[in-house]
Amino acid sequence: MGDWEGVRLHVVTGKGGTGKTTVAGALAIALAADGGRVLVAEVEERQGLAQLFDVAPLTYDEKRIAAAPRGGDVFGSAIDPREAMHEYFEMFYRLGRAGRALDKVGFVDFATTIAPGLRDVLVTGKTYEATRRRTSSGEPVYDAVVLDAPPTGRITRFLDVNTSVTSLARVGPINRQARAITELVHSPRTAVHIVTLLEDMPVQETADAVAELRSAEIPVGAIVVNQMRRPHLRSRELTAARRRRLDRETIAKGLQVAGLPNNDGVVEVLMDNAAAHAERAALERSQRSVLKELDRPTYELPHYPDGIDPTALYELADVLADQGAA
Amino acid sequence: MSAAAYPHRAPQLRADHLIDDPRVRIIVCCGSGGVGKTTTAAAIALRAAERGRRAVVLTIDPARRLAQSMGLTELDNTPRAVRGVNTEAGGGLDAMMLDMKRTFDEVVEEHTTPDKARQILANPFYQAVSSSFAGTQEYMAMEKLGQLRHRSQWDLIVVDTPPSRSALDFLDAPQRLGSFLDGRLIRLLSGPARTGGRSYLKVLHAGFSVMTSAMTKVLGSELLRDVQTFVNALDTMFGGFRERADQTYALLKRPETAFLVVAAPEPDALREASYFVDRLSRDAMPLAGLVLNRMRVDRAAGIGEEQAIAAAERLEAAGEHQLTASLLRLHAEHLRLAARDERISDRFSSAHPDVPVVRLPALAGDVHDLDGLRQVGVHFSGTG
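Here the protein sequences come in this chain order: X and S. For the first sequence, the working numbering gives the first residue as 1, with consecutive numbering after it. For the second sequence, the working numbering gives the first residue as 327, with consecutive numbering after it.
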């Protein structure tokens with residue numbers, strides 16, 4: 001089971017644009033390999049998973065969306081707070097007529113679009129239900145649930161929403177449900193993985209999120225460094241490139257040998273590219289040391305310049321598994 | 327890199343015309359998260375200021391170092407002069423960070439007696455609304471924008487929009503929240519007395535008691551009581567919320583406003599940008615154009631991608647000129663990424679051929695000082 005044995009709920013977060021949906025999808029495949037059943041769910045009504053897996057838009061009902069290597073199934077769902085609310089009414093209150101009345105005065109609208117607290121309660125509630133659902137023979141329906149969660153800026157509030165619910169609703173079924181979710185989220189059965197790029201802002205947000213999660217006592221999982229580029233220059237060359245001290249003569253000679261134009265303009269462009277590359281490499285190095293201080297397992301995923309198609313997704317799943325994610 | 331280096335069907339966004347035009351009083355930078363909205367807003371405001379506008383930039387959630395570079399060390403809702411701005415052209419730049427809770431408190435204090443205000447501010451339900459409701463940030467950003475516009479201190483306001491699930495939230499959330507606060511639900515919550523006359527009440531009575539009991543069941547009686555106290559204390563402000571949201575929305579439709587949709591060459595960001603552009607045009611809102619950040623620039627210099635790879639392979643096979651071979655591989659990668667960015671951006675422009683575009687090259691490092699912002703401004707104007 002790799003680094004996350006015993007973890008039932010994998011929450012994948014990250015700054016917008018870092019590729020958390022991709023990582024959630026790849027992680028679900030990796031976890032489902034060798035005969036597992038894994039649910040991957042999205043909560044932001046983006047249909048990002050459907051695009052990633054190249055399947056029809058996901059619905060509230062869980063559907064099988066992909067096969068995992070060596071037998072295994074990945075199921076997908078888009079958790080719609082409106083449907084979660086109706087299900088919730090049904091499950092906890094057996095509200096038929098009154099449930100519809102609430103809908104009419106705009107309560108459902110209110111709960112699902114305006115009060116993020118309630119929206120998050122519904123979404124985390126549904127996730128919790130999927131995590132602990134059992135078959136008639138008592139086996140868990142899913143070996144793991146992967147949540148394509150809100151971005152780092154909102155993740156702690158999202159996961160910890162039920163803690164505030166317990167203080168607002170102090171008794172009754174809502175209170176009981178909220179306490180059960182709070183227990184799961186703060187237990188070793190949950191891991192929050194943070195996706196980042198080796199850039200200043202995503203790394204800063206990653207560090208902030210780790211600090212927030214830790215102070216809320218929610219278990220931080222892995223740091224996933226996405227879109228890693230291959231280094232093209234050796235470290236001594238990088239230093240020289242950054243100072244624009246690569247030898248022009250040598251470069252020009254090389255171009256000549258290769259049968260390419262080697263005028264000053266061409267050399268200048270190559271020097272510029274090299275300087276930008278070296279600048280970026282230096283920046284990446286310093287970001288990497290910030291991440292290292294967070295002291296979490298770190299997985300690195302390669303960059304796909306042409307975007308992620310299903311083939312790339314399975315490759316990423318392998319890369320994650322190889323590094324111990326599953 | 328001149329703007330002409332991007333041969334393209336889309337019309338070029340004339341950025342300096344926009345920021346120099348005295349009729350333009352508000353520039354709203356919107357787009358999905360992680361595309362460089364805050365940096366773009368700050369760079370535009372700085373450039374406008376140094377070209378003679380008395381500008382203020384309203385930021386929502388700036389990166390720490392960028393905020394520091396503008397002297398924004400605390401989140402206190404007060405516009406402060408940014409130091410280090412060149413004021414020779416007669417302009418100036420102020421900057422502020424939005425404190426949404428405080429802005430909400432101020433709205434409450436302004437519209438009711440000190441006594442009632444105290445009651446409202448202490449109410450647990452109000453505290454939940456003002457600190458965590460979806461749309462509160464958007465609503466308060468709009469509110470703040472309205473307030474800044476009322477003061478005559480600035481002739482240009484540049485607004486960065488909150489990082490939300492969807493760029494459209496900036497337009498919709500304030501009205502959603504306003505309608506909720508003014509709406510039927512909250513009146514029902516506040517007790518039967520508020521639902522209307524007696525005859526109306528009789529008809530409704532049966533349905534109503536089913537509902538209050540359902541609501542009590544779902545929310546719990548204590549929470550319902552908090553809500554009722556809140557609504558009753560808020561009594562004098564009914565009407566005010568939606569009205570204010572509507573007023574600012576109307577302000578955004580006036581020709582003095584210019585929307586800049588910010589995106590990066592990523593399919594998701596451009597899809598968001600597309601939704602936003604469609605929405606602006608459907609609501610006849612003044613769209614100035616698309617700012618495409620982080621474009622990797624094609625500088626072929628006479629060596630194409632495949633040519634570079636083939637040459638690198640030759641040199642590597644011969645075991646000589648390893649440095650040149652590496653540089654050629656790097657060059658090929660640059661060209662490939664530039665072509666990808668180009669392709670993705672072109673897709674947007676084919677779908678929206680009339681939307682003016684300005685493309686900003688990717689920078690090697692992060693922007694965290696005024697010089698960095700100036701550099702972005704130069705690219706923005708297409709004069710770099």
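Do not rely on the hints blindly, as some may be mistaken.
Subject to a maximum C-alpha distance of 16 Å in a straight line, what follows is the list of computed EDC-like cross-link-like pairs (lysine to aspartate or glutamate) [to be verified]: (1) X/K253 - X/E268; (2) S/K579 - S/D498; (3) X/K253 - S/E646; (4) S/K427 - S/D402; (5) S/K442 - S/E569; (6) X/K253 - S/E642.
Don't read these hints as lab results, they were simulated from the structure.
Each hint tested on the structure:
no.: 1; hint: X/K253 - X/E268; result: 14 Å, holds
no.: 2; hint: S/K579 - S/D498; result: 14 Å, holds
no.: 3; hint: X/K253 - S/E646; result: 11 Å, holds
no.: 4; hint: S/K427 - S/D402; result: 10 Å, holds
no.: 5; hint: S/K442 - S/E569; result: 20 Å, violated
no.: 6; hint: X/K253 - S/E642; result: 15 Å, holds
Consistency with the previously given hints fails for number 5 only.
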